[in-house]
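Residue numbers (the working numbering), protein chains in the order written: chain G, 1 to 613; chain V, 1 to 241; chain Z, 1 to 323.
Be careful, since some hints might not be right.
[To be verified] Distance windows between CB atoms, simulated:
| no. | chain 1 | residue 1 | chain 2 | residue 2 | range |
| --- | --- | --- | --- | --- | --- |
| 1 | Z | Gln173 | G | Ala188 | 31 to 41 Å |
| 2 | G | Leu606 | V | Glu222 | 25 to 35 Å |
| 3 | Z | Leu52 | G | Thr40 | 47 to 57 Å |
| 4 | Z | Phe23 | G | Ser220 | 21 to 31 Å |
| 5 | G | Phe176 | V | Ser129 | 31 to 41 Å |
| 6 | Z | Trp12 | G | Phe176 | 34 to 44 Å |
| 7 | V | Pro54 | Z | Gln282 | 32 to 42 Å |
| 8 | G | Phe523 | Z | Arg140 | 32 to 42 Å |
| 9 | Z | Leu40 | G | Val173 | 39 to 49 Å |
| 10 | Z | Phe84 | G | Thr154 | 33 to 43 Å |
Since the hints were made in silico from the structure, they are not lab data. What you are looking at is a predicted structure, and each value in this text was computed from that prediction instead of being measured. Every residue, glycine too, gets a C-beta built ideally from N, C-alpha and C.
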Amino acid sequence: MRAALRSPVGLASAVLLALLVLLAVFAPMLWGDRAAAIDTDALQQGASAEHPLGTDQLGRDILFRVLVATRLTIGLALLATVIGVGTGLLLGSLPAVLPRWAARIVTSAVNIAVAFPGLLLALFFAVIFGTGTVGAVLAIAFAIAPSFARLTQTLTAGISGRDFIKAARVCGVGRFRLLVRHVLPNIAEPLVINATLAAGAALTSFAGLSFLGIGVQAPSYDWGRLLGEGLLRIYLSPASALGPALAVVLAGLAFNLFGEAAAAAAGGRRRWRGKPVPHHESTVDDPGDGLLTVRNLHVTFPGGITPVRGVSFTVHDGEMIGVVGESGSGKSLTALAVSRLVEHPGSVTADRLDFDGRPLRSIPDRDLGTRLAMVFQDPMTSFNPALRIGRQIAEVSEVHQGLSRGDALRKATDRLRAVRIPDPGRRAGQYPHEFSGGMRQRAMIAMGLMGEPKLVIADEPTTALDVTVQREVLKLLARIRTERSAAVLLISHDITVVAQTCDRVLVMYAGRIVEELPTDELFTAARHPYTTALLAAVPDLDTDRDAPLAVIPGRPPEPGEITAGCPFAPRCPLAEERCRTEEPELSALSDGHRVACWKSEKELALAATGGTR
Amino acid sequence: MSELFFDRVSVRYGHHLAVDDVSLVVPHGQVVGLVGESGSGKSTLAATAVGLVPVTSGQVLVDGERDRRRRVQMVFQDPYSSLDPRMSIGGSIAEGMPRGVDKKAEVARLLELVNLDPGRASSLPARLSGGQRQRVALARALAGRPEVVIADEITSALDVSVQGAVLNLVRDLQRRLGLSMLFISHNLAVVRYVSDRIAVMKDGRIVEEGPAARVLAEPGHEYTRELLAAAPRRHARLEVS
Amino acid sequence: MIKAQRAEGGTWLPFARRRAVRFLTSLWVLVTASFLMIHLIPGDPVRESLGLGAPPDVVEARRAALGLDEPLPVQYWNYLTGLFRGDLGTSLVSGTPIGDLIGDRLPATVRLAFLAFLFVVVVAVPVGVGMAILTKGGRRRGGELAFTSTSVVLAAIPEFLLAVGLVSVLAVQLNLFPVAGDDAPGSWVLPVLALATGPGAVLARIVRVELLSVLGNDFVRTARAKRLPARLVYLRHALPNAVTATLTLGGMMLATLVAGTVLVENVFAWPGLGSTIVGSIQQKDYPAVQGIVLVYGAGVLLVNLVVDVALALLDPRSTIREA
Numbered sequence: 001m002r003a004a005l006r007s008p009v010g011l012a013s014a015v016l017l018a019l020l021v022l023l024a025v026f027a028p029m030l031w032g033d034r035a036a037a038i039d040t041d042a043l044q045q046g047a048s049a050e051h052p053l054g055t056d057q058l059g060r061d062i063l064f065r066v067l068v069a070t071r072l073t074i075g076l077a078l079l080a081t082v083i084g085v086g087t088g089l090l091l092g093s094l095p096a097v098l099p100r101w102a103a104r105i106v107t108s109a110v111n112i113a114v115a116f117p118g119l120l121l122a123l124f125f126a127v128i129f130g131t132g133t134v135g136a137v138l139a140i141a142f143a144i145a146p147s148f149a150r151l152t153q154t155l156t157a158g159i160s161g162r163d164f165i166k167a168a169r170v171c172g173v174g175r176f177r178l179l180v181r182h183v184l185p186n187i188a189e190p191l192v193i194n195a196t197l198a199a200g201a202a203l204t205s206f207a208g209l210s211f212l213g214i215g216v217q218a219p220s221y222d223w224g225r226l227l228g229e230g231l232l233r234i235y236l237s238p239a240s241a242l243g244p245a246l247a248v249v250l251a252g253l254a255f256n257l258f259g260e261a262a263a264a265a266a267g268g269r270r271r272w273r274g275k276p277v278p279h280h281e282s283t284v285d286d287p288g289d290g291l292l293t294v295r296n297l298h299v300t301f302p303g304g305i306t307p308v309r310g311v312s313f314t315v316h317d318g319e320m321i322g323v324v325g326e327s328g329s330g331k332s333l334t335a336l337a338v339s340r341l342v343e344h345p346g347s348v349t350a351d352r353l354d355f356d357g358r359p360l361r362s363i364p365d366r367d368l369g370t371r372l373a374m375v376f377q378d379p380m381t382s383f384n385p386a387l388r389i390g391r392q393i394a395e396v397s398e399v400h401q402g403l404s405r406g407d408a409l410r411k412a413t414d415r416l417r418a419v420r421i422p423d424p425g426r427r428a429g430q431y432p433h434e435f436s437g438g439m440r441q442r443a444m445i446a447m448g449l450m451g452e453p454k455l456v457i458a459d460e461p462t463t464a465l466d467v468t469v470q471r472e473v474l475k476l477l478a479r480i481r482t483e484r485s486a487a488v489l490l491i492s493h494d495i496t497v498v499a500q501t502c503d504r505v506l507v508m509y510a511g512r513i514v515e516e517l518p519t520d521e522l523f524t525a526a527r528h529p530y531t532t533a534l535l536a537a538v539p540d541l542d543t544d545r546d547a548p549l550a551v552i553p554g555r556p557p558e559p560g561e562i563t564a565g566c567p568f569a570p571r572c573p574l575a576e577e578r579c580r581t582e583e584p585e586l587s588a589l590s591d592g593h594r595v596a597c598w599k600s601e602k603e604l605a606l607a608a609t610g611g612t613r
Numbered sequence: 001m002s003e004l005f006f007d008r009v010s011v012r013y014g015h016h017l018a019v020d021d022v023s024l025v026v027p028h029g030q031v032v033g034l035v036g037e038s039g040s041g042k043s044t045l046a047a048t049a050v051g052l053v054p055v056t057s058g059q060v061l062v063d064g065e066r067d068r069r070r071r072v073q074m075v076f077q078d079p080y081s082s083l084d085p086r087m088s089i090g091g092s093i094a095e096g097m098p099r100g101v102d103k104k105a106e107v108a109r110l111l112e113l114v115n116l117d118p119g120r121a122s123s124l125p126a127r128l129s130g131g132q133r134q135r136v137a138l139a140r141a142l143a144g145r146p147e148v149v150i151a152d153e154i155t156s157a158l159d160v161s162v163q164g165a166v167l168n169l170v171r172d173l174q175r176r177l178g179l180s181m182l183f184i185s186h187n188l189a190v191v192r193y194v195s196d197r198i199a200v201m202k203d204g205r206i207v208e209e210g211p212a213a214r215v216l217a218e219p220g221h222e223y224t225r226e227l228l229a230a231a232p233r234r235h236a237r238l239e240v241s
Numbered sequence: 001m002i003k004a005q006r007a008e009g010g011t012w013l014p015f016a017r018r019r020a021v022r023f024l025t026s027l028w029v030l031v032t033a034s035f036l037m038i039h040l041i042p043g044d045p046v047r048e049s050l051g052l053g054a055p056p057d058v059v060e061a062r063r064a065a066l067g068l069d070e071p072l073p074v075q076y077w078n079y080l081t082g083l084f085r086g087d088l089g090t091s092l093v094s095g096t097p098i099g100d101l102i103g104d105r106l107p108a109t110v111r112l113a114f115l116a117f118l119f120v121v122v123v124a125v126p127v128g129v130g131m132a133i134l135t136k137g138g139r140r141r142g143g144e145l146a147f148t149s150t151s152v153v154l155a156a157i158p159e160f161l162l163a164v165g166l167v168s169v170l171a172v173q174l175n176l177f178p179v180a181g182d183d184a185p186g187s188w189v190l191p192v193l194a195l196a197t198g199p200g201a202v203l204a205r206i207v208r209v210e211l212l213s214v215l216g217n218d219f220v221r222t223a224r225a226k227r228l229p230a231r232l233v234y235l236r237h238a239l240p241n242a243v244t245a246t247l248t249l250g251g252m253m254l255a256t257l258v259a260g261t262v263l264v265e266n267v268f269a270w271p272g273l274g275s276t277i278v279g280s281i282q283q284k285d286y287p288a289v290q291g292i293v294l295v296y297g298a299g300v301l302l303v304n305l306v307v308d309v310a311l312a313l314l315d316p317r318s319t320i321r322e323a
């Protein structure tokens, strides 16, 4: 909540709320007499210098009456909110501790009640409790309660699925303690925010009831009652109605805006903050033009966060290149940048970013859509759940190749067959949720085959899949490469996946390529301390079971945490002074093997063979 | 002696039989690795051991006894969701301790045991990295002085460079404390590294179980062979069919 | 999209059954609540409605006429069977059948609510979609701030206060529209505006937020990777997926809008149910209040049912998901 004060809206509404509280406390003491003073010489006057909002039928000053009514209005609204929120909280958290049958009754009662708008509930209860202040408070409180109970239930259900609740249950923590120590603290924030919003709603509903004449009764008066009286004379003196109306609106706004600002502050807390990082100029020693030529690629986000910092590489026709890195290494953003999919507010710069002999940014969508195919990580979410698979695949040809809907669908069916989906005609008419994960990923590849792809960019295409399915998808990618002589850029966090399939490997760390080498040499001639450590840290079926796994101390830096020097230096056993101050460039070690490290080849070779394994 | 025994356990969700008549023994002081793909029922089986999922039929026994509160503990997959973000890590660890223990000293001892600075007991989980959180989760599981620990995919949410350290720790602790352990993973290489015995699960059934070396060298079931063939090997290249 | 259910027709029947059960249960709860309302009122409603000075024999006679002297289960049975015959009782004040009273007043309320809803949808949905596209990915922060604050402010002004403001400025000061009644076509403008503005602001915000969250989905990135024109990305891929949440919240909003008519009708002296119920409450005409509450409640339930069915038609998965 404190964070809410930092936004201008939050601050303004907080000031307004404070003002209201001051008025509620002091106005009746200061102006109570004047608000009650009857002046038979000034009955029903319009606005004047003496009575800015005019006078009522007994000649009482309406401005003072509005000010004095603050206490009753705010007090009743808060009282109703407290009762309503308390009842709602009780109803909402009861199911967590009650036996199952009782919990179901409470839940369905709340579900039925919540379907009715608050005002209807308030009217209903107002009839039962009778017109008057007490009745109205209870009516509004009970009108708030169901939606608050529902909110509590929803939030509780959301938290209950989390592993820490399960862990606490396994530890033997009882239901009540679970609710009090684990559930409620984790839902307190949205509850408080919603209680603030509910207070705003209670205030306006109360005004509504009083306005209708079934809330506060004379001789007491709140803003709603003043408004109702004012409305009768709106022709004579509009100010007498507008004054209380404005008061209700302002107070309601103050609660609402404060709640909104608090919600926004709570939602935006997990924002990346980072220091600006100096841009690097990458030297490049490969002059050759490839199918995809990337030179000194940067991807920057506002706040100076640069997850990709000077990446250069080349993909030649028909090549299969692997990009390996951990989360935060910038590998996926590199993939998005070279396929022109980085969205605002990210910005991409490069000395060269050419695809198929042309600058990427100048290639028309039609050409890119048919020559560059993408495969994404999660086949579950990468298809539109509301459209049939066949339709989504056919779309490419409809839009870019001018095929009719029927022809495009036939072609899509044909491509589904090409990726070995059985019964492709029927499958094309199904929705994504009717496909298994592996089949969806094949269908995604089939989508890329609608054009004549020269490059397939696959971003973690097998991470979400089971191992046996993973192998099929990798095989399919390799087959497409041989049959259609398309190049493949395969991004993965799993070095063994890349090692099995690719010709060359690019190892990324903290937004840079730290090593590039042919896959054949990966296990024998890798030189960068990060690459060798990574290879030693990942067990495979040939790892020595009796030796401990190699450990890389620390963790990879987040894009906002990168400082001067080699980003791997804090974790590197070979690091020396220079590594901590200056970042090494990627430079050629031998033909086709590049390393970004200050150490000499000899030192690296020694460390790689003699050191960890 | 502490032996975890799944005695003909079945779990049914509606029409779906998630675990189908599974019998499995985790012998005293040994690690049984449970491999299988998503949806094979391995996590459901694990959940029955700690009572998070009721069994439809069969029973789970520790040393022949059905009451296994605190004797079986569990470490979960996602360290970002398995620690209460509003509770200090010391508080989370202390929650699982039996009564009458000096909680502060015990928390410090456990943190040290998992190679974390005891001075961090008052930190909130948000200040820890994934690998560190998983160590805290291990410490919490050990706080109840369990005889059996269940590790459900505990490294699959971690970065590869951090995974090795957690695996080393698990192996080390298991040996030092003589724990019986059920180690669940979809990654055969990881299971192979930590396990004495390996069980293979598919469609709710255990299709093969035996000493790790035997299962890996002479797989008896077709599905085990398939898993082995699919597991990445250092020097094997994928053949294009 | 709609044809999809054929493939999975199996989920439809259970869905329909569940929905029917929920509707009927809610209806029963509503009917019972409105029946109990009269009995929950502290004191004797008949005496209160006739005034404290009424002679005891008159009160007794009126009680007998209303059937209030029978045992509670009998009264409940009579109430239920009466409802099936369309008999809602008679007014304590005017003595006319309440069914006639409601039949008289209901059309005006329905007209008002429907026009306001139409206005909300026609204005708010395009505004929300437009704002989502314009402010995607943190673009045009100024525009976003202006839109958000305007919509928060508009949504926070209760409809009856907006009504008062509109009356005093546009009707009293500028004399553009009539102050009250529903005689001239111009008299529609202010009530509809007063009723529709708040919900419209809420809906526009919801549409924007939902569309933005849909635009963050992986499948939108897939659509962009296919290099589809922006128009197709938004209209074919994003918008249909934002409909579910929008419709759900839209339904709740429609229900609030129905309730809002009560206040707005009172400001504009609109000859609908809303002004009738308030008058009846003040005159303690409990059978009338009971009947009108029942009609409002049933209207809300009906709206919810329609929304659920529409959701199921638009998004076949919603019939499975909640099972």
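Each hint, compared with the structure:
For Gln173(Z) and Ala188(G), the Cβ-Cβ distance of about 47 Å falls outside the hinted range of 31 to 41 Å, so the restraint is violated. Checking the proposed 25 to 35 Å range against Leu606(G) and Glu222(V) shows it is violated: the Cβ atoms sit about 46 Å from each other. A beta carbon spacing of about 32 Å between Leu52(Z) and Thr40(G) contradicts the range 47 to 57 Å that was offered as a hint. Roughly 42 Å separates the CB atoms of Phe23(Z) and Ser220(G), a value that falls outside the hinted 21 to 31 Å.
Checked against the hint of 31 to 41 Å, the C-beta distance between Phe176(G) and Ser129(V) comes to roughly 33 Å, which is consistent with it. Separated by about 42 Å at the C-beta atoms, Trp12(Z) and Phe176(G) satisfy the suggested range of 34 to 44 Å. Pro54(V) and Gln282(Z) have their C-beta atoms about 57 Å apart, which leaves the hinted 32 to 42 Å range violated. Between Phe523(G) and Arg140(Z), the C-beta spacing of about 51 Å breaks the proposed range 32 to 42 Å.
Between Leu40(Z) and Val173(G) the Cβ separation comes to about 41 Å, which falls inside the hinted range of 39 to 49 Å. Hint check: Phe84(Z) to Thr154(G), Cβ distance near 37 Å, so the stated range 33 to 43 Å holds.
In the structure shown, a violation is registered for the earlier hints numbered 1, 2, 3, 4, 7 and 8, in ascending order.
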